[in-house]
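Given only the sequences and the hints, what does the whole structure look like? Please build it.
Chains A and B, in that order, give the protein sequences.
Under our numbering, think of the first position of the first sequence as 1, with each following residue one higher.
Under our numbering, think of the first position of the second sequence as 1, with each following residue one higher.
Quick caveat, the hints were computed from the structure, so don't treat them as lab data.
Beta carbons are placed, not taken as given, at the ideal position from N, Cα and C, and that holds for glycine.
Honestly, I wouldn't trust all of these hints.
Computed spacing ranges between beta-carbons, pair by pair [claimed, not checked]:
(1) B:69 / A:29: 56 to 62 Å
(2) B:74 / A:158: 44 to 50 Å
(3) B:113 / A:207: 52 to 58 Å
(4) A:107 / B:113: 41 to 47 Å
(5) A:107 / B:18: 56 to 62 Å
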Amino acid sequence: MHKHVIVIYPHPDDESFGSSGTMTQFRNQGVPVTYLCGTLGEMGRNMGNPFFANRETLPDIRKKELLDACKILDVNVEMLGYRDKTIEFESRDEIAEHLKGYLEDIKPTLVITHYPGHAVHPDHDAMGAAAVEAVRKMDPEDRPEVWAQAITNDRYETLGKPDIVNNVEAEFDVKVAAIQAHRSQFEGMFQKMRQSPDFKGQYEDVMERFKHEEFYQWQFNN
Amino acid sequence: MKAIELDEVQKALDQYSNRDVYIHLETTNGAYAKHFDRNAYNVGAFIRNAEVRYTRAKLVDAGDAFRVGLKMDKGWIYAEGVTDWELNEDGQLLMAGHDSEGRVMVALQISENPFRY
Numbered sequence: 001m002h003k004h005v006i007v008i009y010p011h012p013d014d015e016s017f018g019s020s021g022t023m024t025q026f027r028n029q030g031v032p033v034t035y036l037c038g039t040l041g042e043m044g045r046n047m048g049n050p051f052f053a054n055r056e057t058l059p060d061i062r063k064k065e066l067l068d069a070c071k072i073l074d075v076n077v078e079m080l081g082y083r084d085k086t087i088e089f090e091s092r093d094e095i096a097e098h099l100k101g102y103l104e105d106i107k108p109t110l111v112i113t114h115y116p117g118h119a120v121h122p123d124h125d126a127m128g129a130a131a132v133e134a135v136r137k138m139d140p141e142d143r144p145e146v147w148a149q150a151i152t153n154d155r156y157e158t159l160g161k162p163d164i165v166n167n168v169e170a171e172f173d174v175k176v177a178a179i180q181a182h183r184s185q186f187e188g189m190f191q192k193m194r195q196s197p198d199f200k201g202q203y204e205d206v207m208e209r210f211k212h213e214e215f216y217q218w219q220f221n222n
Numbered sequence: 001m002k003a004i005e006l007d008e009v010q011k012a013l014d015q016y017s018n019r020d021v022y023i024h025l026e027t028t029n030g031a032y033a034k035h036f037d038r039n040a041y042n043v044g045a046f047i048r049n050a051e052v053r054y055t056r057a058k059l060v061d062a063g064d065a066f067r068v069g070l071k072m073d074k075g076w077i078y079a080e081g082v083t084d085w086e087l088n089e090d091g092q093l094l095m096a097g098h099d100s101e102g103r104v105m106v107a108l109q110i111s112e113n114p115f116r117y
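Structural data, given as structure tokens:
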């Protein structure tokens with residue numbers, strides 16, 4: 001059994017859309033979970049529908065949504081203070097060092113993050129790369145497992161089948177509640193998924209997409 | 001924010017002319033545009049807290065949206081597709097264009113003090 005799980009993503013809502021079912025499974029087993037959230041999603045395009053946020057109020061609104069979601073998920077959250085859309089332009093090494101500080105402090109046995117290069121949003125790719133780098137910098141003996149999440153449409157063709165597939169139907173109500181806590185974001189995101197010509201035929205319902213959470217086990221070569 | 005009313009917003013724009021101000025300007029179709037439609041392109045640009053001074057501002061009614069042009073001594077600032085505005089409690093003039101789902105497509109904001117960074 002894992003001792004502590006750290007989840008590393010760049011945006012408030014990545015945790016709820018991405019791995020909240022898995023987090024809930026760990027919490028139900030009594031495993032502590034900490035979410036390291038890179039930014040406050042300051043540059044988000046969704047402002048609610050009908051819109052109630054603007055570019056200047058969005059960070060505080062999303063911070064509140066993040067805290068609400070993490071309360072629903074019963075996980076600790078740390079906000080890292082980077083700025084939305086800029087993570088790939090920061091020093092990867094500095095971010096990795098920053099993350100490594102948390103890893104050395106909390107000593108997780110598992111880290112969940114985005115699969116660098118296969119996570120669609122440049123912030124996802126950059127944060128995932130920094131997270132993997134943070135673990136790589138550790139003594140191989142002390143390294144936690146890393147589960148990397150790929151969300152590209154061609155992930156199976158390029159990466160093969162995921163190593164871990166969690167059925168989270170039993171945790172689905174918690175997951176949906178956490179997603180809905182991100183009120184400014186979720187309606188717009190669902191709408192895009194429903195309308196997407198590249199998603200049609202993959203899922204009868206957009207919600208089906210969220211009933212399984214998939215990860216690739218990261219292999220370190222050194 | 002509320003729907004742009006030409007005279008009111010023009011008046012607000014004029015208040016900042018010939019003064020040193022900070023600008024936030026952005027346009028985007030989102031980081032997921034190509035993910036949701038392979039024929040789409042991800043495009044976007046933003047600048048936050050550029051210090052400028054404009055000598056003239058003009059808001060033009062384009063029917064379903066507005067265009068804003070700011071003339072500087074050595075250049076121009078321009079935004080198209082602006083639909084909504086707000087003068088917030090920090091005295092910042094916020095203007096944005098939203099699509100039918102409430103998503104921001106373009107924003108131009110002007111402030112005497114730097115926007116939060």
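Hint check:
Between residue 69 of chain B and residue 29 of chain A the C-beta distance comes to about 60 Å, which sits within the given range of 56 to 62 Å. The beta-carbon spacing between residue 74 of chain B and residue 158 of chain A, approximately 48 Å, falls within the hinted interval of 44 to 50 Å. At about 44 Å, the CB distance of residue 113 of chain B to residue 207 of chain A disagrees with the hint of 52 to 58 Å. Between residue 107 of chain A and residue 113 of chain B the beta carbons are some 43 Å apart, a value that agrees with the proposed interval 41 to 47 Å.
Taking 56 to 62 Å as the suggested C-beta distance range, the pair residue 107 of chain A and residue 18 of chain B conforms, at roughly 59 Å.
Hint compliance for this structure: hint 3 is the single one not met.
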